[in-house]
Amino acid sequence: MSNTTTNDRVNQMTASPTAPSTAESRKSLIKLDGVTKVYYTDELETHALSGIQLDILEGEYVAIAGPSGGGKTTLLSILGLLDSPTSGVYLLGGQPVESLSRSQRADVRNQRIGFIFQAFNLIGDLTVYENVELPLTYRGMPAEERRKRVNGALERVGMSHRTNHYPAQLSGGQQQRVAVARAVSGDPLILLADEPTGNLDSANGEAIMELLAELHANGATICMVTHDPRFARHADRTVHLFDGRIVEEERGERAATDQQELRESGFGVA
Amino acid sequence: MTGIGRDLRYAMRMLLRSPSFAITVVVILGLGIGSMTAIFTVVNGVLFQPLAYPQPDRIVALQELSSKGHPMRVAGPNFTDIHEQSRSFKALAEVSNMGPVTVLGAAEPQRSREVLVSQDFFRVMGVQPTRGRAFLPEEQVSGGAPAVIVSHAFWKRALAGGSIAGKTLSFDGRVYSVIGVMPEGFDYPRGVELWTAAGIEAPRSSRTAHNWSVLGRLADGVSLQRARSDVSNIARRLKAQYGSDIEMVDASLVPLRDQMVGNVRTPLLVFLGATAVLLLIAVANVSNLLLARLAVRRQEIAVRVALGAGFRSLIQQLMAESLVLSLVSGAAGVLLAYVGTALLLAFSPSYIPRMGDVSVDGRVVLFALGVSIIVAIALSVMAAFSGVPEDIRGALAGGQRTLAGSGSGRIARDTLVVVQTGLTLVLLAGAALMGRSILHLLKVDTGFRTDGVLVMNVAATSPDDNARVRSFEEQLLAQLRATPGVRAVGAISSFPLQDDGSNGTYLLLNTPDEIKTIDEFSALAKDPSRSGNASWRVASAGYFDAMHIPVVRGRVFDGSDASDADVTAAVVSESFAKRQWPSQDPLGRLIQFGNMDGDMRALRIVGVVGDVRATSISQPPDPTLYAYSRQRPGSMGESHIAIWTSGDPNALIPAARAALKKVDANVPPTFSTVEQVIGSSTSDRRFSFLLLGVFGVTALVLAVAGMYAVVSYLVTQRTREIGVRIAFGAHGADVLRLVMGRGAALASIGIGLGLLAAVALTRVSASMLYGITATDPVAYVAGALLLATVVIVASYVPARRAAMLNPTEALRNE
Chain A
1 MSNTTTNDRV NQMTASPTAP STAESRKSLI KLDGVTKVYY TDELETHALS
51 GIQLDILEGE YVAIAGPSGG GKTTLLSILG LLDSPTSGVY LLGGQPVESL
101 SRSQRADVRN QRIGFIFQAF NLIGDLTVYE NVELPLTYRG MPAEERRKRV
151 NGALERVGMS HRTNHYPAQL SGGQQQRVAV ARAVSGDPLI LLADEPTGNL
201 DSANGEAIME LLAELHANGA TICMVTHDPR FARHADRTVH LFDGRIVEEE
251 RGERAATDQQ ELRESGFGVA
Chain B
1 MTGIGRDLRY AMRMLLRSPS FAITVVVILG LGIGSMTAIF TVVNGVLFQP
51 LAYPQPDRIV ALQELSSKGH PMRVAGPNFT DIHEQSRSFK ALAEVSNMGP
101 VTVLGAAEPQ RSREVLVSQD FFRVMGVQPT RGRAFLPEEQ VSGGAPAVIV
151 SHAFWKRALA GGSIAGKTLS FDGRVYSVIG VMPEGFDYPR GVELWTAAGI
201 EAPRSSRTAH NWSVLGRLAD GVSLQRARSD VSNIARRLKA QYGSDIEMVD
251 ASLVPLRDQM VGNVRTPLLV FLGATAVLLL IAVANVSNLL LARLAVRRQE
301 IAVRVALGAG FRSLIQQLMA ESLVLSLVSG AAGVLLAYVG TALLLAFSPS
351 YIPRMGDVSV DGRVVLFALG VSIIVAIALS VMAAFSGVPE DIRGALAGGQ
401 RTLAGSGSGR IARDTLVVVQ TGLTLVLLAG AALMGRSILH LLKVDTGFRT
451 DGVLVMNVAA TSPDDNARVR SFEEQLLAQL RATPGVRAVG AISSFPLQDD
501 GSNGTYLLLN TPDEIKTIDE FSALAKDPSR SGNASWRVAS AGYFDAMHIP
551 VVRGRVFDGS DASDADVTAA VVSESFAKRQ WPSQDPLGRL IQFGNMDGDM
601 RALRIVGVVG DVRATSISQP PDPTLYAYSR QRPGSMGESH IAIWTSGDPN
651 ALIPAARAAL KKVDANVPPT FSTVEQVIGS STSDRRFSFL LLGVFGVTAL
701 VLAVAGMYAV VSYLVTQRTR EIGVRIAFGA HGADVLRLVM GRGAALASIG
751 IGLGLLAAVA LTRVSASMLY GITATDPVAY VAGALLLATV VIVASYVPAR
801 RAAMLNPTEA LRNE
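Chains as they are written, first to last, in our numbering: chain A, 1 to 270; chain B, 1 to 814.
None of these hints come from the bench; they were simulated from the model.
So, partial list: chain A residues that the calculated Cβ filter (under 8 Å) puts toward chain B: (1) Ser-77; (2) Gly-80; (3) Leu-82; (4) Asp-83; (5) Arg-102; (6) Ala-106; (7) Asp-107; (8) Phe-115; (9) Ile-123; (10) Leu-134; (11) Arg-139.
Ranges of calculated distance between the beta carbons of each label pair, as one might list FRET restraints: (12) Ser-103/A <-> Ile-4/B: 56 to 62 Å; (13) Glu-300/B <-> Ser-84/A: 36 to 42 Å; (14) Phe-311/B <-> Ser-171/A: 28 to 34 Å; (15) Glu-300/B <-> Ser-171/A: 27 to 33 Å; (16) Ala-733/B <-> Lys-27/A: 32 to 38 Å; (17) Arg-230/A <-> Arg-9/B: 52 to 58 Å; (18) Ala-203/A <-> Phe-311/B: 36 to 42 Å.
Note that the structure is a prediction, hence the values are computed from the model and not measured. Positions of the beta carbon are idealized from the N, C-alpha and C atoms, including for glycine.
Assemble the whole structure, with the sequences as input and the hints as a guide.
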C-alpha cells in the first residue's frame with residue numbers, strides 16, 4: 001500500500017466490482033472510522049458528525065434514518081465524495097479517499113457512485129435520454145456504448161418510451177425513475193439516495209422503492225437516507241443518526257418498527 | 001394613470017433600498033446619455049446654432065463654379081459685375097484673407113491676421129464696430145487713406161483697451177489709422193484681428209484670378225432659391241460674354257453657416273451616431289440588469305398579481321421605476337456632458353469651426369431630457385414584456401422541479417448580450433479603421449525631413465519693399481546659420497502642411513522676353529499645350545538641404561543666380577517635370593508664372609527636386625515650381641524658416657529668437673517643430689480616432705460588464721444544475737466548457753451580426769479614412785479578435801467560480 005500512488009488508488013477503486021455472492025463472502029465496500037464533520041460559521045462550531053464508525057458491505061442495502069439536522073445528508077455527502085470529513089478515515093473499496101485531488105474525486109464519483117436526489121435534479125434543458133447519458137459523457141465513453149447503457153438503464157426503470165421527452169413533460173414519479181436510470185447507467189459501486197421518495201406521493205414513492213429493491217436484488221449496493229419507516233423496511237440494515245452520532249443500528253423489519261417508535265417519541269423527523 | 005405619484009415614490013424607495021443596483025444603472029446610462037449629450041452639445045453649437053449675427057440665415061456665400069462644377073473663389077471683375085447686376089442682395093462684399101502680418105505701433109510688435117474687406121462687409125454681417133466707425137467710402141478707393149478696424153481682443157491686448165482716437169498701426173508697409181473696434185466675440189473670418197479696406201488695393205482686371213471670398217445678405221423678401229437663380233443667370237451671361245477669358249460657367253449660393261461647417265458635418269454626425277450606438281449598448285446593458293432583477297422579483301410581482309394588481313397597474317409600476325432611473329441617469333448625463341464638453345473644447349483640433357459657440361444650453365438639456373424619456377420608454381416596454389410572470393402559481397411557489405431558467409427571460413437576456421456585442425464591434429471597427437488610417441498616414445513619405453527641424457514663422461515689416469524683404473531674409477538666415485546647433489537653414493513662402501500657399505497658371509515660353517504684360521500672358525495661357533496649373537513657392541538656397549528634399553536633376557539655387565538677372569532661376573518638383581515634359585529634359589526650359597509676385601521676368605528651370613506633400617499629408621504631391629527668394633522676394637512677406645538642428649529643435653528657440661532680434665527686433669516670430677506641423681495636419685483623423693477609441697473602449701467595458709453579468713446570472717441560476725453535474729463526475733474543465741461555451745456562443749453570434757452591421761454603418765466614415773477602405777478586413781478582424789478575447793475573459797471569471805463550486809452547497813441551492 002505504501003508504494004501505491006494516488007492514481008493507482010483511484011484506478012483500483014474504479015476497477016470493475018466483483019459481484020457479491022453471499023453475506024459471508026461480501027467484502028467491505030465503504031468503511032468509515034471515526035469520521036467527524038465540523039462546520040465553522042460566525043465563530044460557531046457545529047459538529048454535524050461525530051466519531052462515525054460505519055461499514056457498508058458490497059451488495060448491502062443500508063438505510064440512514066434520523067431526525068432533521070441529525071447529520072444524514074452530511075453523511076451521505078461524505079460518502080458520495082461531495083464533501084470531506086474534518087477528521088477520521090474513509091475507505092472506499094479499501095482505499096483511503098482523503099488525499100484524492102478534486103479531479104480524482106470527480107472520477108470516483110463518476111465511475112463508482114450513483115446519486116438519486118429527493119428533488120430529482122434532472123436538467124430541464126436536456127431530454128430524458130441526455131439526462132441519463134450525462135454521467136457517461138463525463139466518462140468519455142464512446143457513443144455506441146453510451147447508447148447501449150442509456151437504453152438499458154431506461155428499460156430497467158420502465159422509461160424507455162420517453163427518451164425524447166423533457167423533464168417538464170414528465171410526472172414526478174417518472175422524473176424520479178429517470179433520475180434512478182441516470183444513477184445506475186454508469187454501473188456504480190454504490191447508489192446513494194437522499195430521500196428519493198420525499199417529493200412523491202405514496203404510490204409513486206412505493207414504486208420507486210420497489211425499483212430500488214429490484215436493483216438491490218440484482219446486486220446493487222444502496223445507501224438511502226429516509227425518514228419514512230415504510231421505506232426503511234426495504235433495507236437490510238438501518239442506521240439511526242442523532243446529533244451527528246450513530247445511536248443505533250438495526251436490521252430488517254425491526255429497524256423499521258423502531259424507527260416508527262422513535263418518530264412517535266417526539267423526535268422531529270423531516 | 002392613477003396612483004402615478006405613489007408608484008414613483010415606491011420606485012424611489014425601491015431604488016434607495018438597492019443602492020448598488022441603482023448606482024450601477026445610473027453610471028451605465030449616465031455614460032451613454034452623457035456621451036451622446038456631450039457630442040450633441042458640439043453638434044448643436046457647430047451645426048445647429050444660428051451664427052451670432054442678426055438674421056444669420058440671410059447671409060450667404062457666393063462662389064464661382066468651374067466647368068467641372070468645382071466651387072472657386074470669385075475674381076474681382078466678376079464680383080463687380082454680379083454686384084452691379086444682381087437685385088437679390090441687400091449687401092454684397094468681398095473678403096480676402098491676407099494672413100499674418102507684423103504690426104508695429106502698439107505697445108509691442110504684434111503678429112496678427114489681416115483681412116481685406118469691401119465697403120459692404122459690415123452691412124452683410126449686420127455688425128458694426130462698437131467703438132469708432134466702419135470704413136468711409138473714400139477709404140475704400142485706390143490710394144485712399146489706409147484705415148484699420150481691430151478686433152476687441154487686439155484692442156484690449158495691444159491697445160490696452162484705451163481710446164483709439166489718433167492711434168495708428170504700421171503693417172504691410174503702410175501706416176493705418178485705427179478707426180474702429182469690433183464687438184467682443186466677432187470672429188469672422190476666424191482668427192482675424194485686423195480688417196482693412198479692400199478698395200485701397202489696385203483692382204485687378206483678370207477674370208481668372210480667384211482672389212475673393214464673397215458674402216452677401218439677401219434682400220428682404222428674396223428667397224435663397226430666387227437669389228441662386230439670379231446669380232446663376234448673371235454668371236452664365238458673363239460666361240457667354242467673356243468666353244475663354246473667364247473660368248466661371250455658373251455661380252452658387254450657400255448659406256454661410258453651411259459653408260463654414262461643411263467639412264466637419266460628416267465627422268460630427270459620425271461621432272453623434274457613434275454615441276447613439278454607445279447609448280444603445282448602455283440601454284441593452286441596463287436592460288439585462290433589469291431583467292435579472294425582475295427575475296429575482298418574480299415572486300414579489302406574482303404576489304402583487306395574486307392580490308389583484310392588474311396588468312396596467314403592474315406595468316405602471318415598472319414604468320415608474322424605469323422613469324426614475326432614466327431621469328436620474330439623464331441628470332448624471334448632463335453633468336457628464338458638462339465635463340465632456342470641456343474636454344472636447346480642450347482637445348478639439350483647430351479644424352472644427354465655431355467651437356466658441358459650443359456650450360451646454362437649454363436645447364442641450366432638452367435633448368438630454370428627451371433621450372432620457374426615450375430610454376425610459378424602451379426600458380419600460382422591455383420590463384412590461386418580461387416582468388410579469390405567466391406562471392403565477394409557479395412564481396408564488398418560487399421553485400422549479402427541473403433545473404432551467406425561464407425560457408423567455410433567458411432569450412431576452414441572450415438577445416441583449418448579442419446586441420451589445422454586435423454594437424460594440426461596430427464602434428471598435430470604427431476606431432480600428434481610424435487607427436489604421438493614421439498608421440497609413442504616418443507611413444506616408446512626406447518628401448521632407450520629419451524630425452529635427454524647427455520652423456520659425458516671421459512676417460517682414462515691409463512686405464512690399466523687395467529690397468528690405470531680401471535684406472531681412474538674408475541677414476536672418478545668416479544669423480541662424482551661424483547659431484551653434486544649426487546644421488542647415490532655409491526659407492520658404494509657404495511651409496508644407498502649414499498653409500495652403502498659392503497656385504496658379506503657368507505658361508511655357510519660347511524666349512525669355514516673349515511676353516511683357518499680364519494681358520499677353522493671359523492671351524497665350526489660353527493655349528492648353530503651353531500652359532498648366534501648379535503650386536507656386538519661393539524658397540531660399542538652403543531650404544532644400546534643411547528640409548532634406550532631394551535634388552533629382554540639375555541644381556538648386558546658388559550664388560550664380562543674381563537678384564537682378566533678366567531671367568530668374570526656378571526649380572520644379574518631379575511631378576511637375578514628369579507631367580510637363582514626360583520624356584524630355586526640363587532643365588533650361590523657360591516658364592512664366594503670371595503675376596504671382598508682381599515680377600514679370602521669365603523663370604529658367606535649373607533643377608528638379610523631389611515631390612513634397614505640401615497641402616495635405618493624405619493628398620498626392622502637387623506639381624510645384626520653386627522660385628528663388630533672392631530674385632523673387634515679392635512672395636516672402638510672410639516667410640517660414642526651416643532650421644535643421646543637431647539636437648532638440650525646441651531647445652533652439654531662444655537662440656533663434658535672439659538671432660531674429662539682432663536682425664529686426666520688431667518682428668514677433670512663432671515657432672513649431674516639424675513634428676508639430678505634421679501632427680497638426682493629421683489632427684482631424686487623430687481626433688476622430690481619439691473619440692471613436694474612447695467610445696469603443698467604453699463600449700468594450702460595457703460589453704464586458706454585460707457578458708460578465710449574464711454569465712454570472714447564468715451561473716447563479718444554474719448553480720444546482722452545476723452541482724448535479726459535479727456530483728455525476730463533471731470535472732472543472734467540463735463546467736468551464738459548459739459555462740464559457742454559452743458566453744462564447746453569444747459572443748460569436750454578436751460578433752457575426754456586428755460585422756455585418758459594421759460593414760453597413762462604417763461606410764459613412766469613408767471620407768474620413770486614408771489608405772484603406774471602409775471594409776478594411778484587418779480593422780474588422782482586429783476589432784472582432786479584441787472583442788472576442790475580452791468577452792471570453794469576462795465569461796471566464798464566473799465560469800471559474802462555477803467550476804470551483806462546492807457541490808454540497810450547490811445542491812442545496814434553491
